[in-house]
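Visitor: In case you want the letters, here they are:
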Amino acid sequence: MEIIRRIIIEPFEGLYAKILVFLPNFLASVLIFVVGIVLAAVVRALFFRIFRAIGMDRFFERTGTVELLKKGGLGDSVAALLSKLLGWGILIVFVVIAMRTLEIPTVERLLERFLLYFPNIFVAAVIALFGYLAGNFLGRAALIASVNAGLKVSGTIGKFVKYAVFVLAGTMALDQLGIGRDTVIVAFALVFGGVVLALAIAFGLAGRDIAKEYLEKKIKGEEGKDEISHL
Amino acid sequence: MNSIILRTEIQERIGEIGEADILVGIPSFNNAGTIGHVVKAVQAGFAKYFPDKKCVLINSDGGSTDGTMGVVQDTAIDDSSSILFYHRKGPIFKISTPYHGIPGKGSAFRTIFQIAEVLNVKACAVVDSDLRSITPEWLELLIKPVIQDEFDYVAPLYHRHKYDGTITNSIVYPLTRALYGKRVRQPIGGDFGFSGRLARFYLTKDVWGTDVAKYGIDIWMTTVAIASGFKVCQAFLGAKIHDPKDPGADLSAMLYQVVSSAFGLMDFYSETWKSVTNSEPVPTFGFQYAVGLEPVAVNVERMIERFSLGVRELMDIWKEILPGEVAGFLRKVSEQPIESFRIPDEVWVEIIYNFALAFHRQTINKEHLLKSLTPLYIGRTASFVRETWESGASEVEEKIEGLCLMFEEKKSFIAEKWDT
Numbered sequence: 001m002e003i004i005r006r007i008i009i010e011p012f013e014g015l016y017a018k019i020l021v022f023l024p025n026f027l028a029s030v031l032i033f034v035v036g037i038v039l040a041a042v043v044r045a046l047f048f049r050i051f052r053a054i055g056m057d058r059f060f061e062r063t064g065t066v067e068l069l070k071k072g073g074l075g076d077s078v079a080a081l082l083s084k085l086l087g088w089g090i091l092i093v094f095v096v097i098a099m100r101t102l103e104i105p106t107v108e109r110l111l112e113r114f115l116l117y118f119p120n121i122f123v124a125a126v127i128a129l130f131g132y133l134a135g136n137f138l139g140r141a142a143l144i145a146s147v148n149a150g151l152k153v154s155g156t157i158g159k160f161v162k163y164a165v166f167v168l169a170g171t172m173a174l175d176q177l178g179i180g181r182d183t184v185i186v187a188f189a190l191v192f193g194g195v196v197l198a199l200a201i202a203f204g205l206a207g208r209d210i211a212k213e214y215l216e217k218k219i220k221g222e223e224g225k226d227e228i229s230h231l
Numbered sequence: 001m002n003s004i005i006l007r008t009e010i011q012e013r014i015g016e017i018g019e020a021d022i023l024v025g026i027p028s029f030n031n032a033g034t035i036g037h038v039v040k041a042v043q044a045g046f047a048k049y050f051p052d053k054k055c056v057l058i059n060s061d062g063g064s065t066d067g068t069m070g071v072v073q074d075t076a077i078d079d080s081s082s083i084l085f086y087h088r089k090g091p092i093f094k095i096s097t098p099y100h101g102i103p104g105k106g107s108a109f110r111t112i113f114q115i116a117e118v119l120n121v122k123a124c125a126v127v128d129s130d131l132r133s134i135t136p137e138w139l140e141l142l143i144k145p146v147i148q149d150e151f152d153y154v155a156p157l158y159h160r161h162k163y164d165g166t167i168t169n170s171i172v173y174p175l176t177r178a179l180y181g182k183r184v185r186q187p188i189g190g191d192f193g194f195s196g197r198l199a200r201f202y203l204t205k206d207v208w209g210t211d212v213a214k215y216g217i218d219i220w221m222t223t224v225a226i227a228s229g230f231k232v233c234q235a236f237l238g239a240k241i242h243d244p245k246d247p248g249a250d251l252s253a254m255l256y257q258v259v260s261s262a263f264g265l266m267d268f269y270s271e272t273w274k275s276v277t278n279s280e281p282v283p284t285f286g287f288q289y290a291v292g293l294e295p296v297a298v299n300v301e302r303m304i305e306r307f308s309l310g311v312r313e314l315m316d317i318w319k320e321i322l323p324g325e326v327a328g329f330l331r332k333v334s335e336q337p338i339e340s341f342r343i344p345d346e347v348w349v350e351i352i353y354n355f356a357l358a359f360h361r362q363t364i365n366k367e368h369l370l371k372s373l374t375p376l377y378i379g380r381t382a383s384f385v386r387e388t389w390e391s392g393a394s395e396v397e398e399k400i401e402g403l404c405l406m407f408e409e410k411k412s413f414i415a416e417k418w419d420t
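First to last, the protein sequences are chains S and F. For the first sequence, this note's numbering gives the first residue as 1, with consecutive numbering after it. For the second sequence, this note's numbering gives the first residue as 1, with consecutive numbering after it.
Calculated directly from the structure, the hints in this document are not laboratory data. Just so you know, even glycine gets a beta-carbon here, dropped at the ideal spot from N, CA and C. A couple of the hints might just be wrong.
Said to hold, decoys possible - Between beta-carbon pairs, the in silico distance windows are:
#1 S/Phe192 / F/Leu203: 50 to 60 Å
#2 F/Arg312 / S/Arg113: 21 to 31 Å
#3 F/Gln336 / S/Thr183: 30 to 40 Å
#4 S/Val34 / F/Gln362: 32 to 42 Å
#5 S/Ala53 / F/Arg197: 50 to 60 Å
#6 S/Gly180 / F/Gly324: 43 to 53 Å
#7 F/Lys319 / S/Ala187: 30 to 40 Å
Said to hold, decoys possible - Straight line, CA to CA, 25 Å or less: simulated DSS-like cross-link-like pairs of lysine-lysine:
#8 F/Lys319 / S/Lys152
#9 F/Lys319 / S/Lys159
#10 F/Lys205 / F/Lys332
#11 F/Lys274 / F/Lys332
Claimed, not checked - Partial selection, computed: residues in chain S whose CB lies under 10 Å from chain F:
#12 Arg140
#13 Ala141
#14 Ala145
#15 Gly158
#16 Val161
All chains should be modelled from the sequences, with the hints used to inform the complete structure.
Guide: The structure is reproduced here in structure tokens:
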């Protein structure tokens with residue numbers, strides 16, 4: 001009987017005791033999580049109304065941010081997006097508190113490491129997002145401007161600007177995450193420097209005549225220029 | 001005077017003048033070479049046609065570095081007998097002041113409107129500082145309809161070269177006429193007469209931080225006057241000969257500012273224009289006569305190249321804005337030889353109305369949208385030049401009339417789609 005008590009009953013009693021200790025923490029944790037969900041929903045709805053009331057969408061429409069978001073596949077208004085972010089922020093805070101309430105050492109250690117690294121992920125994601133949006137926007141602006149300037153390489157210019165911004169943002173995001181920090185920066189500097197040098201050499205050698213013609217036109221005035229007055 | 005900052009000496013000068021009957025404003029920026037003639041013409045106009053009125057000339061300058069303001073101050077009529085004016089009862093006041101705000105013609109006008117308000121003037125006019133063809137008679141034609149016939153807005157009517165004012169002829173005039181129902185032939189002519197009442201009305205509008213402060217001011221003034229129900233007429237001023245509009249100015253920037261103002265006004269006055277079903281002529285003052293105009297050089301081949309480049313590179317953007325058949329037509333026409341290059345009125349009207357809809361719906365960034373219109377505008381201008389190369393002034397006018405009728409005919413398209 002002693003053996004049975006030691007092998008079967010005592011561990012169960014121990015488990016039962018641990019459950020009795022853990023259960024209040026677990027219930028408290030669930031409660032905190034539920035409160036977090038409710039509070040996040042309330043904050044999101046409240047701030048959405050406040051942002052709409054102060055005309056945040058109109059302001060961002062004027063600045064072109066809405067267009068950037070649309071181009072990046074985000075259909076939400078800026079007010080909706082920011083209020084959602086606030087809601088998620090509240091929820092994350094409550095999830096962390098709830099997990100700490102569980103008082104499980106392994107979870108606490110993992111949580112600590114995640115929390116220390118989380119800001120890097122967040123900042124890297126923001127950099128990548130803005131890099132994507134800005135790359136598309138600036139690429140298109142460069143394309144239209146070079147077409148209006150009559151440059152035959154407009155498509156290449158537009159793509160170059162777009163991908164240059166992508167690469168720059170990607171490099172910054174990886175740097176933020178600490179992934180191959182030195183390698184990425186050195187690689188970026190080499191690639192960027194190489195492209196600039198290649199362009200300089202190409203223009204200097206292959207485009208010598210074009211450069212000459214361009215400068216002559218600029219200095220002497222363009223031949224056969226239209227005299228149409230548009231306004 | 002709360003919303004503008006004028007130098008103390010200018011404020012004192014305005015205080016000395018007190019009130020005035022007529023004010024003429026001349027916006028300027030580095031126009032020392034031409035503004036002297038304009039100032040002389042205005043002074044002579046005051047002397048000859050308004051000898052018993054208290055007249056003020058305002059030069060609103062954008063920070064010229066070539067001595068423009070000095071030229072204005074130093075210019076006087078050399079030989080009064082040559083213009084046959086009567087003895088004036090009072091002096092002509094002249095003020096030259098830099099304006100504040102976004103650099104542009106609109107900001108210059110704002111300062112002029114505000115001084116007009118302070119001086120409580122009955123009639124105003126604004127004339128460009130680069131005019132070579134202005135005469136004293138312009139003052140009579142722009143101001144007398146306001147003083148004698150109680151008109152609020154006098155638009156100019158000029159004889160211009162058939163390729164002068166192509167944005168006006170292909171976009172602004174037909175669009176304004178179709179939308180608001182008044183046939184004001186030069187809605188962005190640049191030289192206007194208006195009542196003190198209308199100047200005060202303009203100042204109530206909060207537009208001075210937008211493109212209205214730049215090249216958009218002319219279309220804004222005309223549209224606001226028509227859409228707000230002010231009495232509008234036009235006056236025939238003869239030939240318009242002026243220096244090329246800012247040789248360094250970027251066409252796409254000009255087009256953007258003018259068209260964005262016109263499309264922005266469509267948003268603001270949507271309920272007004274949707275109820276207009278046809279157009280009517282406005283009263284026209286002045287004796288119309290034919291004038292000789294200097295020929296202009298046009299490089300059609302290069303214009304078509306610009307258009308074709310746009311088709312190659314910007315088609316992905318245009319596809320978001322234009323119907324499939326229009327995009328297909330543009331691609332097809334860009335592959336045709338120059339001899340058969342043509343963008344018909346119908347296609348052009350569809351392009352403009354669809355761009356207006358995209359602007360209203362904010363399909364893409366507004367600046368990108370309107371700057372991507374530039375190659376299409378150049379293509380349409382090339383087509384117009386090809387079609388009218390051998391035509392005289394009256395034939396060209398008939399062609400423009402045909403375009404206007406097309407804009408009016410297709411207006412129901414945009415009215416129906418506006419709120420959907």
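Visitor: Give a verdict on every hint.
Guide: Each hint, compared with the structure:
Distance hint check: the CB atoms of S/Phe192 and F/Leu203 are about 51 Å apart, consistent with the given range 50 to 60 Å. Between F/Arg312 and S/Arg113, the C-beta spacing of about 53 Å breaks the proposed range 21 to 31 Å. In this structure, F/Gln336 and S/Thr183 break the distance hint of 30 to 40 Å, their C-beta atoms being roughly 53 Å apart. In this structure the supplied range 32 to 42 Å holds for S/Val34 paired with F/Gln362, their Cβ-Cβ distance being about 40 Å.
Roughly 37 Å separates the CB atoms of S/Ala53 and F/Arg197, a value that falls outside the hinted 50 to 60 Å. At about 47 Å, the beta-carbon gap between S/Gly180 and F/Gly324 stays in the expected band of 43 to 53 Å. Checked against the hint of 30 to 40 Å, the pair F/Lys319 and S/Ala187 passes, with Cβ atoms roughly 37 Å apart. Straight-line distance between C-alpha atoms of F/Lys319 and S/Lys152 comes to about 21 Å, which keeps the hinted pair within the 25 Å bound.
A threshold of 25 Å between alpha carbons decides the hint, and for F/Lys319 with S/Lys159 the separation of about 19 Å falls inside it, so the pair holds. Distance restraint check for F/Lys205 and F/Lys332: the Cα-Cα separation of roughly 45 Å exceeds the 25 Å cut-off, and the hinted pair is therefore not satisfied. Between F/Lys274 and F/Lys332 the alpha-carbon distance is near 34 Å, which puts this suggested pair outside the 25 Å criterion. Hint on S/Arg140 holds. Least Cβ distance to chain F is approximately 6 Å, under the 10 Å limit.
Annotation: S/Ala141 was flagged as interfacial toward chain F, and the flag holds, the nearest CB pair being 6 Å apart, inside 10 Å. Here the hint on S/Ala145 is kept, as its CB sits about 7 Å from the closest CB of chain F, short of 10 Å. Because the closest C-beta pair between S/Gly158 and chain F is about 7 Å apart, less than 10 Å, the hint holds. A cut of 10 Å between beta carbons decides the hint on S/Val161: the least distance to chain F is about 13 Å, and the hint is violated.
The structure does not agree with the numbered hints 2, 3, 5, 10, 11 and 16 stated previously, though it agrees with the rest.
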